[in-house]
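Undergrad: I would like the entire structure built from these sequences, with the hints used as guidance.
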Amino acid sequence: MTQREILQQSPQALIEKYPFLSAFFEGQHWMSKLNPEQSLADLFALIDDEHAEDHAFDVQDFINQLMDFIAEMKVFIGNETFQVHQLSILPGTNKSGEPEGFEKLVFEPRTITSIVGPTGSGKSRLLADIEWVAQGDTPTQRRILINEELPDNAWRFSGNRKLVAQLSQNMNFVMDLTVREFLELHAKSRMVTDSGDLIKRIISAANELAGEKFSPDTAITALSGGQSRALMIADTALLSQSPVVLIDEIENAGIDRKKALEILTGEDKIVLMATHDPLLALMADQRIVIKNGGIHRVIKTSAEERTLLSELEQADLKQQQMRTALRSGAVLQRDMYL
Amino acid sequence: MNLVTISGPPSSGKTAVILKAAENLKKRGLKVGAVKFDCLHTDDDLAYEKAGIPVKKGLSGSLCPDHYFVSNIEAVAAWGMEEGFDLLVSESAGLCNRCSPYIKEIKAVCVIDNLSGINTPRKIGPMLRMADIVVITKGDIVSQAEREVFAAGVYAVNPGAVIMHVNGLTGQGAYELSTLLFDERTKLDTLKGKKLRFSMPSALCSYCLGETRIGESYQMGNVRKMDIKNN
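Protein sequences appear in the order of chains Y and F. Residue numbers for the first sequence follow the working numbering, so the first one is 2 and each next one is one higher. Residue numbers for the second sequence follow the working numbering, so the first one is 248 and each next one is one higher.
Since the hints were made in silico from the structure, they are not lab data. Quick caveat: nothing in here was measured; it's all calculated off a predicted structure. One thing to keep in mind: the hints can contain errors.
So the derived label-pair ranges between C-beta atoms look like this [said to hold, decoys possible]: (1) F:Cys455 x Y:Ala53: 21 to 27 Å; (2) F:Leu287 x Y:Gln322: 56 to 62 Å; (3) F:Lys278 x Y:Asp49: 44 to 50 Å; (4) Y:Pro100 x F:His314: 54 to 60 Å; (5) Y:Lys260 x F:Thr426: 37 to 43 Å; (6) F:Thr433 x Y:Ala53: 30 to 36 Å; (7) F:Thr417 x Y:Ser311: 32 to 38 Å; (8) F:Glu352 x Y:Gly226: 46 to 52 Å.
Listed below are the simulated BS3-like cross-link pairs for lysine-lysine, each with C-alpha atoms no more than 27 Å apart in a straight line [claimed, not checked]: (9) F:Lys273 x Y:Lys96; (10) F:Lys273 x Y:Lys124; (11) F:Lys297 x Y:Lys96; (12) Y:Lys292 x F:Lys273.
Idealized CB from N, CA, C, for every residue including glycine.
TA: Next up, the structure:
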């Protein structure tokens, strides 16, 4: 639509044509008392200087933003380019300027890659390179390809779409809402119109992960640590826009970590996980060793490691069962869970 | 010299973000200076000094801090050019949520934090709506969902802006921000004649001039009344 055509439309007609515009119009204080069925041109005519200044309103500025909003939403909605089938990293250098030890690192949806290395070794930089879709223009000189091609600049500059979603230990819910209201709000920000079923799925997935169940009417700030993590993971899996999920350690308490990873990969996410817990690190398909700011090695999880993993899982299961037993007041016995 | 104006609500993390971005620019051999505009008190100048960034501080005291900003920014920019900075960062707190001390053709950054509440993007006005870059901070302590909801709120208010997440503590995202703050093709000679992106609220009433007494008969000039009945 040209500027002239837009001016002939009413806000209501525009929202009917582009439902995503409702969020944009909600933020327009200047028209809060005006009739949204009138054309924009007519509405502009109603605004005198004082009204415009009170609401810090400028006609041209408004039209530009409206057109930007429509243009950018169109880029994303139903555009194949923004489906990520593959993400790859071309090597750069470590902090000493030496080339990294791999040719091309490939991540696919439904796979897990663990990241190991001491604190400060460059894990955050790696993540930042992915998020910024680095093109040889970051300190590591790495390059990121999406679907084996040079990525669209919109990944870098778009306000509304980010490549990486993050889950880390110290994250909290801060909004004063119930679980259902909270998920509705998130769905709305994603322009999901009929969110009822999706919200049910998220809550049931979260309840599968957490030891103790919560209801849709629980306040999110009243959830326990494990429940909060479970809800964050289920919500990120099912409702986050980002194709890549970075997890910074999943703590052992109160959550089924294996199931958590299954939910994420089941939703076609590319999962990256910084961890030093062998149980998690070995669940990954491959692991990246970071040293001195560079990717030092890429290791495929070996057959022996997989065997080790199942032993670890059994030990873990035993611990979890004991935890459940303790919670219900049982006295533990040596041969209880052999 | 490049000039960038950075504003945002108090305690949103402006200084931390600037310091992390400046660190990256200094590594590239660029000379960065700063000026901090505030109202009554600031210690941020010490933080800049500690980081080895030459800084000037301006306290508006009883005046509107944004009017104070416009009256002083030209001289501060001249100081920056004399000092031979590659980049001068002007930092000011948006205290009344209405002002936009942004200048046409001068890069404008708004810093706003995830903890400030979901409706904040809609409340802030031109400071957010007219920024070229919006930096969202404190993302490390809220959930992914809240980050997305907050960013969508910012986006609805300012769809044209580059929206970035920067962590003022770890510096995550600060390198990327720094590449957007400095452009070697930009050469500022003087601010004289440049214009604000938006007018500041006008008011000149008896209280602006020192009146302290309450009551109709003491109110003169540009005074406006609430409509209590039809509110």
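Undergrad: For every hint, state whether the structure bears it out.
TA: A quick look at each hint next to the structure:
no.	hint	verdict
1	F:Cys455 x Y:Ala53: 21 to 27 Å	holds (22 Å)
2	F:Leu287 x Y:Gln322: 56 to 62 Å	holds (60 Å)
3	F:Lys278 x Y:Asp49: 44 to 50 Å	holds (48 Å)
4	Y:Pro100 x F:His314: 54 to 60 Å	holds (55 Å)
5	Y:Lys260 x F:Thr426: 37 to 43 Å	holds (40 Å)
6	F:Thr433 x Y:Ala53: 30 to 36 Å	holds (31 Å)
7	F:Thr417 x Y:Ser311: 32 to 38 Å	holds (36 Å)
8	F:Glu352 x Y:Gly226: 46 to 52 Å	holds (50 Å)
9	F:Lys273 x Y:Lys96	holds (17 Å)
10	F:Lys273 x Y:Lys124	holds (23 Å)
11	F:Lys297 x Y:Lys96	holds (25 Å)
12	Y:Lys292 x F:Lys273	holds (25 Å)
Comparing the model with each numbered hint stated earlier shows that all of them hold.
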